[in-house]
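> On the provided structure of chain A, position chain B as indicated by the hints.
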Amino acid sequence: MIETSTSSATSKTVETVSGITVRLCGDSGDGMQLLGTQLTNTSALAGNDVATFPDFPAEIRAPRGTRAGVSGFQVQFASKEIFTPGDTLDALVVMNPAAMVTNIGDLRKGGILIANEDGFNDKEYKLAKVESNPLDADVIEQSYRVVRVSMTELTREAVSGFGLSTKFADRCKNFFAMGLVYWLFGRSLDPTLRFIEEKFSKKPDIMNANIAALRAGWAYGETTEVFGESYQVEAAKLEPGTYRNIMGNQALAWGLIAASKVSGKDLFYGTYPITPASDILHELTKYKNFGVRTFQAEDEIAAVCATIGAAFGGTMAVTASSGPGIALKGEAMGLGVMLELPMIIINVQRGGPSTGLPTKTEQSDLLQVMFGRNGEAPMPVLAPRSPGDCFAMAVEAWRIATECMVPVMLLSDGYIANGSEPWKIPDIKDLPEIKCSHPVASDSDEPFLPYGRDENLARPWAIPGTPELMHRVGGLEKEDGTGNVSYDPDNHQHMVETRAAKVAKIAERLPEQDVFGPTSGDVLVVSWGGTYGACLTAVARCRDAGHDVSHAHIRYMNPLPSNIGTLLRSFRTVIVPELNAGQLRMLLRAEYLVDCVGINKVKGKPFAVSELVDAITHHATTHQAATHQAASHRQTKAG
Amino acid sequence: MNLPVLKAADFASDQDVRWCPGCGDYSILAQMKKVLPELGYPREKTVFISGIGCSSRFPYYMNTYGMHSIHGRAPTFATGLKSTRPELMVWVITGDGDSLSIGGNHFIHCLRRNLDVNIVLFNNRIYGLTKGQYSPTSAEGQITKSTPMGAIDHPLSPLSLALAAEATFVARSIDAHVKHLGETLKAAAEHKGTSLVEVYQNCNVFNDGAMAYAQEKKQRAENVIELEHGKPLIFGAKGDKGIRLTGNHLEVVNTADVPADDLLIHDAHDPNPAIQMMLARMRYPEMPEPIGVLRAVEGVATYNDQINEQVTAAKAKKGEGDLTALFHSGDTWQVA
Chain A
1 MIETSTSSAT SKTVETVSGI TVRLCGDSGD GMQLLGTQLT NTSALAGNDV ATFPDFPAEI
61 RAPRGTRAGV SGFQVQFASK EIFTPGDTLD ALVVMNPAAM VTNIGDLRKG GILIANEDGF
121 NDKEYKLAKV ESNPLDADVI EQSYRVVRVS MTELTREAVS GFGLSTKFAD RCKNFFAMGL
181 VYWLFGRSLD PTLRFIEEKF SKKPDIMNAN IAALRAGWAY GETTEVFGES YQVEAAKLEP
241 GTYRNIMGNQ ALAWGLIAAS KVSGKDLFYG TYPITPASDI LHELTKYKNF GVRTFQAEDE
301 IAAVCATIGA AFGGTMAVTA SSGPGIALKG EAMGLGVMLE LPMIIINVQR GGPSTGLPTK
361 TEQSDLLQVM FGRNGEAPMP VLAPRSPGDC FAMAVEAWRI ATECMVPVML LSDGYIANGS
421 EPWKIPDIKD LPEIKCSHPV ASDSDEPFLP YGRDENLARP WAIPGTPELM HRVGGLEKED
481 GTGNVSYDPD NHQHMVETRA AKVAKIAERL PEQDVFGPTS GDVLVVSWGG TYGACLTAVA
541 RCRDAGHDVS HAHIRYMNPL PSNIGTLLRS FRTVIVPELN AGQLRMLLRA EYLVDCVGIN
601 KVKGKPFAVS ELVDAITHHA TTHQAATHQA ASHRQTKAG
Chain B
1 MNLPVLKAAD FASDQDVRWC PGCGDYSILA QMKKVLPELG YPREKTVFIS GIGCSSRFPY
61 YMNTYGMHSI HGRAPTFATG LKSTRPELMV WVITGDGDSL SIGGNHFIHC LRRNLDVNIV
121 LFNNRIYGLT KGQYSPTSAE GQITKSTPMG AIDHPLSPLS LALAAEATFV ARSIDAHVKH
181 LGETLKAAAE HKGTSLVEVY QNCNVFNDGA MAYAQEKKQR AENVIELEHG KPLIFGAKGD
241 KGIRLTGNHL EVVNTADVPA DDLLIHDAHD PNPAIQMMLA RMRYPEMPEP IGVLRAVEGV
301 ATYNDQINEQ VTAAKAKKGE GDLTALFHSG DTWQVA
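So the protein sequences, as listed, match chains A and B.
Under UniProt numbering, residues 1 to 639 are what the first sequence spells out, in order.
Under UniProt numbering, residues 1 to 336 are what the second sequence spells out, in order.
FYI, nobody ran anything at the bench for these hints, they're computed from the structure.
On a predicted model such as this, the values are computed, not experimentally measured, just so you know.
Don't take each hint at face value.
Claimed, not checked - Cross-link-like lysine-lysine pairs, in silico, DSSO-like; alpha carbons within 27 Å at most:
1. A:Lys202 <-> B:Lys315
2. A:Lys199 <-> A:Lys286
3. A:Lys286 <-> A:Lys109
4. B:Lys317 <-> A:Lys203
5. B:Lys186 <-> B:Lys217
6. A:Lys435 <-> B:Lys45
7. A:Lys265 <-> B:Lys318
8. A:Lys12 <-> A:Lys167
9. A:Lys435 <-> B:Lys315
10. A:Lys202 <-> B:Lys318
11. B:Lys318 <-> A:Lys199
12. A:Lys199 <-> B:Lys45
13. B:Lys217 <-> B:Lys33
14. B:Lys34 <-> B:Lys192
15. B:Lys7 <-> B:Lys33
16. A:Lys429 <-> B:Lys318
17. A:Lys202 <-> A:Lys167
18. A:Lys286 <-> B:Lys318
19. B:Lys315 <-> A:Lys429
20. A:Lys202 <-> B:Lys317
21. B:Lys7 <-> A:Lys265
22. A:Lys265 <-> B:Lys45
23. A:Lys424 <-> B:Lys34
24. B:Lys231 <-> B:Lys192
25. A:Lys203 <-> B:Lys318
26. B:Lys315 <-> A:Lys265
27. B:Lys317 <-> A:Lys286
28. B:Lys7 <-> B:Lys45
29. B:Lys315 <-> A:Lys286
30. A:Lys199 <-> B:Lys231
As the list claims (entries may be wrong) - Okay, the calculated bits of chain A under chain B, using three or more residues with CB under 8 Å as the criterion:
31. 251–258
32. 276–289
33. 295–301
34. 304–316
35. 326–340
36. 425–432
37. 470–481
Here a beta-carbon is modelled for each residue, glycine too, at the ideal position from N, C-alpha and C.
Extracted from the complex, chain A is given alone in its bound form (with noise of 0.2 Å):
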């Protein structure tokens, strides 16, 4: 819990807006990360919603200046509820005049633009390839408001007491930036503080330092003429309870230990590194008082089939990637579908093909994991919407593993991932049972079956050590019941259809798909994965703008939820907006037979609501008017 802090008290004027959307940006050695990180958890700490977006390059340290090196992170704060980072920027933050030029076309008109005026000078120019000084064209001044502060010599001032070195002491100016954005939105500056005290207690001096700098970037702000004012934004109304802020790949780790403990078993955690999954491994390899074994395996095939391996002993066992590691991982996922063992199997999508935009977000991998493997080997899929839904979903992929027997691909997204909300903490009482029982050795004659099944077509979970119950598993084709290898015909078709029944048979005991707006009508939207706050926020829009707009999101991509097709058909119009080229709408066309428009956007960015809006607000005209026309035409024919 914080405490309401002195030390953000102002002698100015306050405003009271209901929401702010900053972006920071510099080079990506300027901590711009840290800093957005950290205007979150203050933001969140102060009662708001808040929702981030950072972006910052796939090169560790990009050649400084460029434009190529610019690392951004935006957040939203509100004192209502958001589901999105925002479209345009209130205050735009930039170290020099690469973050500059490559942002500004993001900053409203009127919005504040405050650079640090020391990382402009010819050397910088050249580097951001720009013929002057970017802040001094017309343009800017008449569009913005314009706030020149000379960041790296006052920094210098402020902590020329400590003894730094140059350079050390220019590394603090990120929170001089800090103390500045932290007057004009009235944030508190003691969970940064405290932040700072506890991350460098072992370096005095510069704990000292950035303390200072931080200050003084606050008093900037408060002392000198520049602004005459500073905005504020009231906590938000959200539902009762404790918060803290949650990142995606954190809520998707923590979700995970929730499951293996409520399931009673330790979890394996068999990984490769790749953007931008890793952050799973990180965070879960903190927490081995868990029962957590985490395993950096040599490749992606060594990581998955390692989870293969932990699951056949009766382990929680859980891999991790992206795109281009699940493609490796394509064959041990079909063994998987054979064994029919229960394991997670998570994909942090990203831009692709191939190596593609490893930092960028994406939702092109949704037909990879329906179909990324050898013969007919469908998996269950689950996509969470949100940095804190992770934690939900991952729970459930594997209440739903160990319910069936069967793999559980997880496909969350870069946006998802790196991107936090503010996440209601869940009383462990109030999570699901999951109950996992292994077979002994009865007293019966009757012989065992390791391919016998239950009424969720599911196979006991029997493993090695117990008495009795020996049997063999393995990538041939299994007779049904005993498990031996069966090359029979008419078994395999039988098996076929077994295992894919056994995922179909999901969705009966699937909550249905939930509407937001009337379940018939005009136009439905139906999104999936990270594009939910998004597709939300614009159909609300569309909606207050008198369209007849309703929005379906789908958690569970497979099996889809058993009502959906009634639903597509309810709506003269269904627009699927996608971060890829149509894979969702390909699905329900083929699977429900009804038109459906896209729209799809493969930029390596989010969607801005207003695109939406936009978007779908020309397909509900265009759509409308053409069923129109074609009624007329009927009725002229028909007179």
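This is chain B only, laid out in the frame that chain A set:
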């Protein structure tokens, strides 16, 4: 307490064995069934994991737990299993194509991690299951279905590779030399850490007699040297030949011509693999090929022990994980 005494037949599954008549695999299967009861380990705690290939059908024929996995990856399944269930005795059954070609990477990494499993590599120097293409251990110049003008790859020695990967137990045996094979498998099982046993195995359909110099009793004495820890390296039907270390190479000498203490004494326990590597590189026909245990170094930490010790240490230090405490760690706030 009376433990049931198991016999070889108790380890046979009810499945028909489907290798070609005359295949060397039968002998290995028979020795395995014979050795396992001697180890006194219960069947239910024994697991065979294989890759793909003729040899990899092995688990189906054993009345233990088993997994016939995918091509080249058996060591990785074993890694997941042994890391989480260290009390199980895990065997990896593989072939020359499976472990040295498609699975080369996993083979290396299993050995360097010193996972406590036993790898039995059936080396017949050919792809049998796919009907006769050359393998990574096929001889240079060998004519096969895929090399009508002769193989141009240099063959790989699994023993050299294993030693280079810091394997702690490296041995070789021969399918037809049943007594030696049984003893070698037993020694492998008793080693703590990864054990590699290369078995010369005759594929009588696609590569018949490729290793006849070592497999046939009449030729074996002249072409093979049986290593024993602490014993001088002597071979030949009459025991009249030995191996001497001269400078930095090994040479064959007539025992009659040199003083007895000139002969190399085999040290399988030497942590320095240099001489063991020289032995691994001895090739017929220039040199006799060594069989037996080249290297057996105990006391090296195993991967499975260490991964579990870290969990124990973390619990001792931080206490058993508490979900509520985890969720509430760091900054939180209340919404009324």
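> Give a verdict on every hint.
Hint check results:
Our distance criterion of 27 Å between C-alpha atoms is met by Lys202 of chain A and Lys315 of chain B, whose separation comes to about 26 Å. Annotation: proposed proximity of Lys199 of chain A to Lys286 of chain A holds, straight-line Cα distance about 17 Å (limit 27 Å). Taking the CA atoms of Lys286 of chain A and Lys109 of chain A, the gap is about 45 Å. The hint is violated against a cut of 27 Å. Straight-line distance between C-alpha atoms of Lys317 of chain B and Lys203 of chain A comes to about 25 Å, which keeps the hinted pair within the 27 Å bound.
Distance check on the hinted pair: Lys186 of chain B and Lys217 of chain B sit about 22 Å apart at the alpha-carbon level, within 27 Å; holds. Distance hint between Lys435 of chain A and Lys45 of chain B is fulfilled; the C-alpha atoms sit about 24 Å from each other, no more than 27 Å. This hinted pair checks out: Lys265 of chain A and Lys318 of chain B have alpha carbons roughly 19 Å apart, not beyond 27 Å. About 34 Å separates the Cα atoms of Lys12 of chain A and Lys167 of chain A, which puts this hinted pair outside 27 Å; it is violated.
A C-alpha spacing of about 24 Å is found between Lys435 of chain A and Lys315 of chain B, which places the hinted pair at or below 27 Å, so the restraint holds. Between Lys202 of chain A and Lys318 of chain B the alpha-carbon distance is near 22 Å, which keeps this suggested pair within the 27 Å criterion. For a cut-off of 27 Å, the pair hint linking Lys318 of chain B to Lys199 of chain A stands: about 20 Å separates their Cα positions. A hinted pair counts as satisfied when its Cα atoms are at most 27 Å apart, and Lys199 of chain A with Lys45 of chain B does not qualify at roughly 48 Å.
Between Lys217 of chain B and Lys33 of chain B the alpha-carbon distance is near 23 Å, which keeps this suggested pair within the 27 Å criterion. Note on Lys34 of chain B and Lys192 of chain B: the hinted pairing holds, with a Cα-Cα distance of about 21 Å set against a maximum of 27 Å. A threshold of 27 Å between alpha carbons decides the hint, and for Lys7 of chain B with Lys33 of chain B the separation of about 8 Å falls inside it, so the pair holds. Distance hint between Lys429 of chain A and Lys318 of chain B is fulfilled; the C-alpha atoms sit about 23 Å from each other, no more than 27 Å.
For the hint pairing Lys202 of chain A with Lys167 of chain A, the CA-to-CA distance comes to about 19 Å; that is within 27 Å, so the pair holds. Proposed proximity of Lys286 of chain A and Lys318 of chain B is supported: the alpha carbons are some 11 Å apart, at most 27 Å. The hinted pair formed by Lys315 of chain B and Lys429 of chain A meets the criterion: a straight-line CA distance of about 23 Å does not exceed 27 Å. For the proposed pair Lys202 of chain A and Lys317 of chain B, the alpha carbon gap of about 22 Å is at most 27 Å, so the pair holds.
Of the supplied pair hints, the one linking Lys7 of chain B and Lys265 of chain A is violated, its CA atoms being roughly 35 Å apart against a limit of 27 Å. This hinted pair checks out: Lys265 of chain A and Lys45 of chain B have alpha carbons roughly 20 Å apart, not beyond 27 Å. About 60 Å separates the Cα atoms of Lys424 of chain A and Lys34 of chain B, which puts this hinted pair outside 27 Å; it is violated. Distance hint between Lys231 of chain B and Lys192 of chain B is fulfilled; the C-alpha atoms sit about 23 Å from each other, no more than 27 Å.
Straight-line distance between C-alpha atoms of Lys203 of chain A and Lys318 of chain B comes to about 25 Å, which keeps the hinted pair within the 27 Å bound. About 15 Å separates the Cα atoms of Lys315 of chain B and Lys265 of chain A, which keeps this hinted pair within 27 Å; it holds. About 13 Å separates the Cα atoms of Lys317 of chain B and Lys286 of chain A, which keeps this hinted pair within 27 Å; it holds. For the proposed pair Lys7 of chain B and Lys45 of chain B, the alpha carbon gap of about 16 Å is at most 27 Å, so the pair holds.
Proximity of Lys315 of chain B to Lys286 of chain A is assessed by CA-CA distance (about 12 Å); at most 27 Å being required, the pair is judged to hold. A distance of roughly 60 Å separates the Cα atoms of Lys199 of chain A and Lys231 of chain B; the hinted pair therefore is violated under the 27 Å criterion. Closer than 8 Å: that is the beta-carbon criterion, and the stretch 251–258 of chain A has 3 residues meeting it against chain B, so the requirement of 3 holds. A stretch counts as covered by a chain when three or more of its residues have a beta carbon under 8 Å from one of that chain; for the stretch 276–289 of chain A and chain B the count is 3, and the coverage holds.
Coverage of a stretch by a chain is defined here by at least three residues with a beta carbon nearer than 8 Å to that chain's beta carbons; for the stretch 295–301 of chain A and chain B the count is 5, and the condition holds. Coverage of a stretch by a chain is defined here by at least three residues with a beta carbon nearer than 8 Å to that chain's beta carbons; for the stretch 304–316 of chain A and chain B the count is 11, and the condition holds. Coverage of a stretch by a chain is defined here by at least three residues with a beta carbon nearer than 8 Å to that chain's beta carbons; for the stretch 326–340 of chain A and chain B the count is 4, and the condition holds. For the stretch 425–432 of chain A, the stated coverage by chain B holds: 3 residues have a C-beta nearer than 8 Å to a C-beta of that chain, and at least 3 were required.
Against chain B, the stretch 470–481 of chain A contributes 7 residues with a C-beta closer than 8 Å to a partner C-beta. That satisfies the three-residue criterion, and the hint holds.
Hint violations for this structure: numbers 3, 8, 12, 21, 23, 30, all remaining hints satisfied.
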